[in-house]
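Visitor: With the hints as extra help, turn the sequences into a complete structure.
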Amino acid sequence: MTVLEVRDLRVTFRNGTVPAVRGISLAVGRGEVLGIVGESGCGKSATALALTGLLPPGARATGSVRLRGRELIGLTDAELARVRGRDIAMVFQDPMSALTPVRPVGDQIAETVQIHQGAGRTAARARAVELLDLVGVPDPARRARAYPHELSGGMRQRVMIAMAVANDPAVIVADEPTTALDGTVQARVLRVLRAARDATGAAIVLITHDLGVAAGLADRVMVMYAGRAVETGPVDEVYARPRMPYTIGLLQSVPRLDGRPPFAPAEDTADRPRLVPIEGHPPVPGRLPGGCPFAPRCPVAEPRCREAEPDLRPVGADGRAVACVRDIRDPAGVYPRPVPPPPAVPVPSDRRWRRPVLEVSGLTRHHPLYTGGRLRRRTGTVRAVDGIEFDIREGETLGLVGESGGGKTTALMEILRLRAPQAGRIAVLGQDTATLTAARRKALRRDVQVVFQDPLASLDPRMRVADILAEPLTAHGARRRAAAGRVGELLALVGLGAELAGRYPGNLSGGQRQRVAIARALATEPRLVLLDEPVSALDVSVQAGVLNLLEDLKARLGLAYLLVAHDLAVVRHVADRVAVMYLGRIVELGEVPQVYHRPAHPYTRALLSAVPVPDPPRERRRRSVALPGDRPDPADPPAGCRFRTRCPRHAALDPVRARRCLQVDPEPVRVGDDQLTACHYPEAMTP
Amino acid sequence: MAGFLVRRLLNYGVLVVLAASLAYLLAAATLRPRAEFAERSPRPPAAVVDAQLTALNLNDKTPLARRYATWASGVLHGDLGRTLNGDPVAPELLRRALVSVRLLLVGTVLGGVLGVLAGAYAAVRQYRPSDRLITVGSFVVLSTPVFVLAVLLQLGAERVNQATGVRIFEWVGEYTPGHGAGPLARLGGRLQHLVLPTLAIVLTQVAVVSRYQRHLMLDVLGADYVRTAMARGLTRRRALLRHGLRTALAPVTTYFAYTFGFVLLGAMFTEKIFGWHGMGGWLIDSVHRGDVNAVAAVNLLAAVLVLLAGLAADAAHGLLDPRVRTGR
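From first to last, the protein sequence lines are chains A and F. Quick note on numbering: the UniProt record's numbering labels position 409 of the first sequence as 409, and the sequence is numbered without any gaps. Quick note on numbering: the UniProt record's numbering labels position 75 of the second sequence as 75, and the sequence is numbered without any gaps.
Just so you know, the hints here were simulated from the structure itself, not pulled from any lab data. All C-beta atoms, glycine included, are put in the ideal place defined by N, C-alpha and C.
Which bits of chain A does chain F cover? Going by a derived footprint, with three or more residues having C-beta under 8 Å, they are:
1. 52–66
2. 96–103
3. 110–118
Guide: So this is what it looks like as C-alpha cells:
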C-alpha cells in the first residue's frame with residue numbers, strides 16, 4: 001500500500017533562480033525503506049525538506065506530494081503543522097544542532113505528543129520517558145530531564161528518533177541520520193531506526209551519501225544527480241548491475257573494507273586495487289551543463305548526450321529505471337582501468353632496514369580542566385593522549401584510527417608543534433624535538449608538513465593559489481621569483497592545470513581545494529606529511545581521486561604519511577600500517593592486512609564490524625559487535641584496562657580472569673610478526 | 001548555582017574596592033576644592049580656608065595617602081564624607097539615586113522589552129518593509145544625540161498641548177509645585193511629568209536593544225532546532241517564539257543588565273533637560289565644583305551597580321541557558 005507518492009517534485013531556491021530538485025517522482029509503501037543516495041548538491045536534502053514542507057524562506061516546491069492520498073503541496077503552514085510530527089516525521093543529520101539547547105530533551109519529545117494528541121503535560125512527559133525507553137536509552141526517566149549538551153551524539157540521535165516515532169507516523173524522512181556519528185554509534189542508531197520501522201510499520205525515506213548505509217537499510221534506492229533521479233530500482237539489483245555510468249562510478253569509487261572493487265574480474269587479485277575516481281566534480285545547482293548533466297564527467301558520453309537531457313526510462317522488470325541513452329550491460333567496462341601507481345623510489349622492502357622518519361614514545365598530552373568563572377580552580381585532567389608509542393619509516397603510511405575523543409588529532413598536533421611534549425619523546429628524522437634550537441626547528445619544519453580536513457578553512461580565502469603555494473618557499477628563504485617559478489610545477493604534481501594559479505580558494509571545487517592544500521604541503525619537499533582527515537570533507541567520487549593522488553605522490557617522492565582518519569575503509573586503501581586509538585592510548589598497532597584480517601583487540605574488532613559495506617546481501621548479513629554504554633569521560637578513565645567498561649570479551653570472562661582487566665593496565669604485547677595489542681586476553685592466535 | 005554566584009560575588013567585591021579607590025584617588029588628585037573656598041567674596045584668610053578644607057578632608061596640603069586613608073576608613077564605617085557645603089554625602093546620594101530610579105526604571109525596562117520584541121520581529125521579517133522601518137528608525141534614534149531627541153520631544157509635546165488646549169504633557173521637574181490637592185491628583189501629576197522623559201529613554205533603549213536582538217534572532221532563524229520544532233508539528237511562528245526567541249534571549253539579558261547599571265549615571269542629559277535632579281546631574285555639578293567626596297561617592301555607587309548588574313546578568317544567563325551552568 002503506497003503511503004507516500006511524489007509526482008514531478010521541483011524545488012527552487014532564491015526565488016526561483018536556483019533549481020535544486022528538477023522533477024522527481026517516487027512512491028513508498030508501508031514498512032518500506034527507500035534510500036535516496038547522491039553527493040552534495042544533488043538535491044537530496046531539498047527533497048527531504050520539500051516532503052515535509054520545511055523548506056527555508058525563498059525556496060519553492062511545485063508538483064505533487066501525496067501522503068495517504070492527501071496533497072501536501074500548497075497547504076498553509078498551519079495545515080502542514082497538523083501533519084508534521086503526526087503523519088510524517090523527520091530525523092535530521094546533526095542531533096546537536098537539531099535539538100533546542102535550552103530545553104530538556106524529554107520536554108521536546110513531550111511537546112510533539114502534546115501538540116498532536118492533546119495530552120496533558122504530565123501524561124506527555126510520561127510518554128516521552130516510554131519513548132526514550134523504546135529507542136534504548138538507558139535510565140530514560142533521568143535522561144528525559146537532561147539537556148542536549150549533556151548527552152552523547154548517539155544518545156541525541158536516539159532522542160530524535162524517539163521524537164519521530166512519538167505519534168506513530170506513516171512516513172519517517174531520515175536525512176543523513178548517522179552522518180555526524182562515530183562508526184560503532186552509527187551501527188547502533190541504524191539498528192534503532194530499523195527497530196522503529198518494525199514497531200510502527202512506518203515507511204522510511206532514507207537520505208544518505210553513504211552507499212553502505214543505504215545498502216543495509218533500503219529496500220529500493222534512487223540515485224540522484226544534479227537534482228534528478230538518474231537510476232532507481234531494488235537495492236540488490238542497482239548495486240549488483242548498475243546501468244547508469246554515474247551509479248557505476250559511485251560504486252567503484254567507494255573505498256571498501258575488503259579492498260576488492262565491485263564488478264572486478266575474478267583474476268584481479270592485487271592486494272590493494274586502485275580506486276576508480278570519477279573525473280571532474282559534481283555540478284553546482286543553477287549552473288548545469290546542457291544535455292545530460294553527467295556527460296562532462298562520463299567516460300562513455302556520446303555527442304547526443306550533450307544535446308538533450310535523457311528522461312528516466314524503465315528498463316527490465318521490477319520498477320527499474322535509468323536516465324541514460326546508452327544500454328549498459330557490463331558495468332566493469334565503462335570506466336578505464338585505473339593507471340597503476342608510478343614505480344616507487346627504491347626503499348628496502350624489509351621495514352627494519354628503512355630509516356625511521358618519525359619516532360614517538362611515551363607521548364603524553366593532558367589538558368587541565370578548570371571550573372568556570374573568574375576564580376579558576378583546577379578540577380581535573382583530560383588525558384587526551386596518554387603515553388603512545390609508534391614509529392614511521394621511509395616510504396610508509398601509518399593510519400591513526402579510532403572514534404572521536406580518542407586523541408588522534410591531539411597526537412598529530414603535538415607532533416606538528418616540533419617541541420618538547422609534556423612527557424615522552426618525539427624524534428623527527430632522528431632529531432629529538434626537545435633539544436632543537438629555534439633555527440633547527442625552523443629548518444625541520446621544511447621536512448614536516450600538514451594537510452587539514454577542511455581545505456576551505458585551512459587556505460587563506462584572500463590569497464591566490466599561486467601565493468598560497470609560493471608562501472612556504474619564501475618563508476624558508478627562497479627568492480620570490482624562484483618560488484613563483486615552482487607554482488606551475490606544484491600544480492602539475494597534484495594534477496591541476498596551471499590556469500588555476502590566479503584563482504582564489506573560494507572559486508575552486510572541494511577536490512581542487514584539497515589538491516591545492518596538498519601541493520602547499522609538498523612545496524618544501526617534506527619527508528613526512530601529516531594528514532588530518534584529508535578526504536572526509538570530500539564527496540566520494542572526488543575522494544577516490546585524492547586518495548590515488550596521495551598514493552602516487554608517496555611512491556614518486558618517497559614520502560612518509562601519518563594519516564589520521566575515522567574511516568577504516570579509507571585507511572585500508574592508503575595505509576601500510578595502522579594504529580587504533582581509544583581514550584588516549586594505542587590499543588592495537590600493526591600491518592594493515594594483518595590487523596584488518598585478524599584484529600586482536602576487541603575494540604578493533606568492534607570498529608571493523610561497524611563499517612557498512614556497499615553490498616546489500618553482505619550488508620544485511622553483517623553483524624556488528626555492539627559496544628554497551630558510552631565512551632567514558634577522558635578526564636576520568638576507568639582503572640585497569642580503559643576499554644573494559646565496554647569490552648564484550650571482558651564481559652564474557654569468568655570473575656577470576658576478569659579481575660586482571662579491572663586491576664592491571666595492559667601493556668602492548670606482540671601478537672604477530674608486526675602486530676601489537678594492549679589487551680590481557682587478545683584474540684587467540686591461530687598459527 | 002549558589003556556589004557559583006558566591007564565588008562571583010567575592011570576585012566582584014575585590015573589583016569594587018579597586019574601582020572605588022582608583023576613582024577617589026583620581027578625583028582627589030585632580031579636583032581643586034580649594035578654589036571654591038578661596039574665591040569666595042569677601043576673600044577668606046588662608047588659615048580659615050585650610051581649616052575648612054581639613055575639616056572636610058579636602059585639604060591638598062594633607063598627603064594624598066592620608067586623605068585616602070581617612071576617606072576609606074570612613075567608607076568602611078558607612079560614612080561617605082561631606083559635600084563642600086558641609087552636608088553629609090550619603091543622604092544626598094540616596095535622594096539623588098531615588099530620583100534617577102524614578103525617572104529611569106519604567107523607561108529602561110519598557111525599552112528593553114519593546115527592544116527585544118522589535119528586534120525579533122524585524123529579524124523574522126528580514127528585508128521586508130517592516131524590518132527596514134525598524135532598522136532605519138533605530139539608526140535615526142541612535143544617531144540623534146539625546147539632548148536633541150529630548151528637545152524635539154518637548155517641541156512636539158508643546159504642539160500637542162497647544163493644539164488640544166489642555167496641558168497633556170509636562171516636562172519640567174518631577175511635579176508641579178502646589179499642583180493638585182489630593183494624593184491621587186499628585187500621583188497623576190507625577191505620571192504626567194514622567195511621560196516625556198520615559199519616552200526619550202524608551203526610544204534610545206529600543207533602538208539599541210532591537211539591533212542586538214535582531215542580530216541574535218537572525219542567527220536563530222535558520223537554526224536546525226527551529227526546523228526540528230516545526231517538524232514536530234509547530235507552526236513557524238510558534239517554533240520561533242518557543243524555541244528560537246527563547247534561545248536568542250539569553251545573550252541579550254547580559255547586555256540589558258549592564259545597561260541598567262550604566263543608565264543610572266548616563267542619563268544626565270535627560271535629567272538636565274527635563275529638570276530632574278538625579279545622579280547624573282549631581283556628578284557633573286560636583287566635578288565642576290571640585291567636590292571630591294561627592295564624586296567619589298557617585299563612583300562608588302556606580303561600581304557597585306555595575307557589578308551588581310554583572311551578577312544579575314550571570315544569574316539570568318545561567319537561568320536561561322543551561323549550557324553555562326555546567327561548571328564542573
